[in-house]
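Trainee: Given the structure of chain A, go ahead and fit chain B onto it with the hints provided.
First to last, the protein sequences are chains A and B. Okay, so the first sequence: first residue is 0 according to numbering that gives the first Met the number 0, each after it adds one. Okay, so the second sequence: first residue is 0 according to numbering that gives the first Met the number 0, each after it adds one.
Do not take every clue at face value.
Chain copies aren't distinguished; within one or between two, either way the pair holds.
Cut-off 20 Å, straight-line C-alpha distance, at most; resulting in silico cross-link-like pairs (PhoX-like, lysine-lysine) [said to hold, decoys possible]:
| id | residue 1 | residue 2 |
| --- | --- | --- |
| 1 | K386 | K225 |
| 2 | K379 | K255 |
| 3 | K260 | K225 |
| 4 | K225 | K186 |
| 5 | K255 | K64 |
| 6 | K1 | K21 |
| 7 | K21 | K260 |
| 8 | K225 | K1 |
| 9 | K381 | K20 |
| 10 | K64 | K379 |
FYI, nobody ran anything at the bench for these hints, they're computed from the structure.
These are the residues of each chain, in order.
Protein chains: 2
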Amino acid sequence: MKINQNYGNLAESYLFSTIGKKVNAFTAAHPEREVIRLGIGDVTLPLARPVIEALHAATDEMAEKATFRGYGPDQGYDFLRTALQAEYARHGVALELDEIFVGDGAKSDVGNILELFDADNTVLVPDPVYPVYVDTNVMAGRRILYASATRENDFLPMPDACVRADIIYICSPNNPTGAAYTRAQLKAWVDYANENDAVLLFDAAYERFITEPDVPHSIFEIDGAKTCAIEFCSLSKTAGFTGTRCSYTVVPMALKRGGTKLNAMWLRRQTTKYNGVSYIVQRAAAAVFTDAGRQATGEAIAYYRANAAMIAAALNEAGVWYCGGKNSPYLWMECPGGMASWDFFDYLLEHAGVVGTPGAGFGARGEGYFRLTGFGDAQKTKRAAQKLREAAAALQSR
Amino acid sequence: MKINQNYGNLAESYLFSTIGKKVNAFTAAHPEREVIRLGIGDVTLPLARPVIEALHAATDEMAEKATFRGYGPDQGYDFLRTALQAEYARHGVALELDEIFVGDGAKSDVGNILELFDADNTVLVPDPVYPVYVDTNVMAGRRILYASATRENDFLPMPDACVRADIIYICSPNNPTGAAYTRAQLKAWVDYANENDAVLLFDAAYERFITEPDVPHSIFEIDGAKTCAIEFCSLSKTAGFTGTRCSYTVVPMALKRGGTKLNAMWLRRQTTKYNGVSYIVQRAAAAVFTDAGRQATGEAIAYYRANAAMIAAALNEAGVWYCGGKNSPYLWMECPGGMASWDFFDYLLEHAGVVGTPGAGFGARGEGYFRLTGFGDAQKTKRAAQKLREAAAALQSR
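Only chain A is shown next, with the shape it has when bound in the complex:
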């Protein structure tokens, strides 16, 4: 028996466990101090009323023999795929129903899609990066190249004609930086992928936070994307489904590599290794795309956006450089006074009782930066933003 030796090459991740330990130690030493978490990547508002009603109604269907549902289609029920098709049409994207696959999470699909590709491919990921893009490829033994995201390129790296990659990850609006590509920038990536026989894996998990008209919600708004891109999206952030689990992946019929339709390969993968999403959850997901659902989930998005705006205002007042926040719940700030990101973490916890995420945890190019999010409680975020402003100002003037 030979195990998969590539697992031995995975780096252990201590980012969130280290944060947890530091916060616990601080709370134990200062039980009287309020600690506010602005580092959280999870939603905090309850599910929207139309979603709750759909869950109850679908549960009642499962209680009666006449309306009970057993195995559903592995790729998702048509009622949900039709709703997703209509949602794409709102952004001017025409999709066939069979191009849409319902899943239990973008993380699952982003990982599992790699089974369609040989281990002998070169992968290009940005740095800093969502660690899952790296680890899933290390597990398969692929070569990984990094595209540097820096303040100079506004944390939006562009194609480099000298770099040849086969699988390219783009997350826009980005986790962790909050930066979002414009239409023209994405067109450059699509052209690069088509010219180089590469596949773009486009993570659109934060698309619902986009406010600027020149930032596409879908890679398929770009001409040529259907011959080079796969898109992953999720209701986790769109509708607070992080604990409810529903996502969707689009593999266009026009996307072929090695003479083979990737859509047919993904359909075979999913029908062989997957049995689809819970019926009641699919009914809940469909409720998100009704008028009432769109209204209610939009209010939650507005709440998180207002939190992000409070943090942005504090950083503006303190004169701290940052990106994100406009089209994203994430803000990516430069650590004041040239601090290293873990030093700033310690300083902010000690002096302000505010917890964020050190940029170094997302890659070498994240050093000197810090991630904050708008997913918290509004009142707490208001207090934290004020303390952040004071701490940053104090550090700037040292």
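Mentor: Showing chain B alone in chain A's frame:
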């Protein structure tokens, strides 16, 4: 870009689509004839009342900020893993909580577990077989050997000292044959695996149908299994969760290969490529293991068992050889009069209006056999069993 060329080696499966087309053609030609499906592998009774109540209660929790749940533990909530731990204890199996992983389906976990193993391993599957065991390994390019399941070995192949395999699939009670291994037989497999550095992938999806005391519910009832086996189980058949989706996989801490704990590898796989099962579904699953849940789901199992018993009685009366039905919802009958399995399918549909599944669809050794199931409606199953008896008797006397 190189795609995964192994997908080109997958055989297309036309089993259920061919059945569907034949039934549709028959119904179109004979709209007045009743057609009863005894081939169905899906449950038909609604979810049990305690499960429904748990779904409603958990949905209400998701509607309030104070009780809302976002991301849960990737490997499942402790409340469910504790319930599963207690369930194993009922069969005399002591497990640590961290040996239990909650998933969305045995099909997902049976497929995904293969990522822990190198492509350069030899796989042993029975023939006939649940096609997923074969296809998931073809996708990874592994060598596949077949252990013949025949009437001579009661469709329960035993280890062969001349055959050297690294990954061994055992499904007991079996799909498609309904045959179930005894304690002594499983001990022989466990010994073989430990002696040969192999891993047993034990599919226990039908364990709740076991009636005979000498048939283990879990491979971990067998001494030595914790150093060689991984077990997959599901609530699909136990509690009618085929459309609700919840399963569990046990990877013992004592199971090491190549000096590495497979438990640690699987944990890393799941935390990297998975975000766990919906909170409300996990609450529903936990309700199955309460006294009320066990009582209610037990009534559904009894209903399906009674259906299987009606089919068994019909086959006994007609003098047809079969296995299964005792510890399984499946019955695996020899086609009467030496018929090929598709010929018997056509005959049974034409003369009795009964639909089953041709054994040839499960592998070469399935030719000449036919799968029937107890998952249908009791009244319809009663009528179908009568017609089956008549058809078989007519064929026997030809």
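Trainee: Using 20 Å as the alpha-carbon threshold, which applies to K381 and K20: within, between, both, or neither?
Mentor: Neither way: K381 and K20 sit 25 Å apart in one copy and 63 Å across, limit 20 Å.
Trainee: With identical chains, the pair K225 and K1 could be close in the same copy or across copies; at 20 Å between alpha carbons, which is it: within, between, both, or neither?
Mentor: Between copies only: 18 Å across, 39 Å inside.
Trainee: Could you figure out if K225 and K186 sit no more than 20 Å apart (CA to CA) within one copy, between two copies, both or neither?
Mentor: Close inside one copy (12 Å), not across copies (54 Å); limit 20 Å.
Trainee: If the cutoff is 20 Å on CA atoms, where do K21 and K260 land: within, between, both or neither? Let me know, please.
Mentor: Neither way: K21 and K260 sit 49 Å apart in one copy and 29 Å across, limit 20 Å.
Trainee: Go through the copies and call it for K379 and K255: within, between, both or neither, with a Cα cutoff of 20 Å.
Mentor: This pair counts as neither: shortest intra-copy Cα distance 49 Å, inter-copy 47 Å.
Trainee: Have a look at K260 and K225 and pick one of within, between, both or neither, based on CA distance no larger than 20 Å.
Mentor: This pair counts as within: shortest intra-copy Cα distance 12 Å, inter-copy 42 Å.
Trainee: First find the shortest C-alpha distance between K386 and K225 inside one copy, then the shortest across copies, and answer within, between, both or neither for a cut-off of 20 Å.
Mentor: For K386 and K225, the Cα distance exceeds 20 Å both inside one copy (47 Å) and across copies (53 Å).
Trainee: Is it within, between, both or neither when you check K1 against K21 at 20 Å Cα-Cα?
Mentor: neither (39 Å within a copy, 45 Å between copies)
Trainee: Indicate which option fits the pair K64, K379 if close means a Cα-Cα distance not exceeding 20 Å: within, between, both or neither.
Mentor: Only across copies: K64 and K379 sit 15 Å apart there, 48 Å inside one copy, limit 20 Å.
Trainee: Is it within, between, both, or neither for K255 and K64, if the alpha carbons may be no more than 20 Å apart?
Mentor: Intra 43 Å, inter 45 Å, cutoff 20 Å: neither.
Checked against the numbered hints given earlier, the structure breaks hints 1, 2, 5, 6, 7, 9 and satisfies all the rest.
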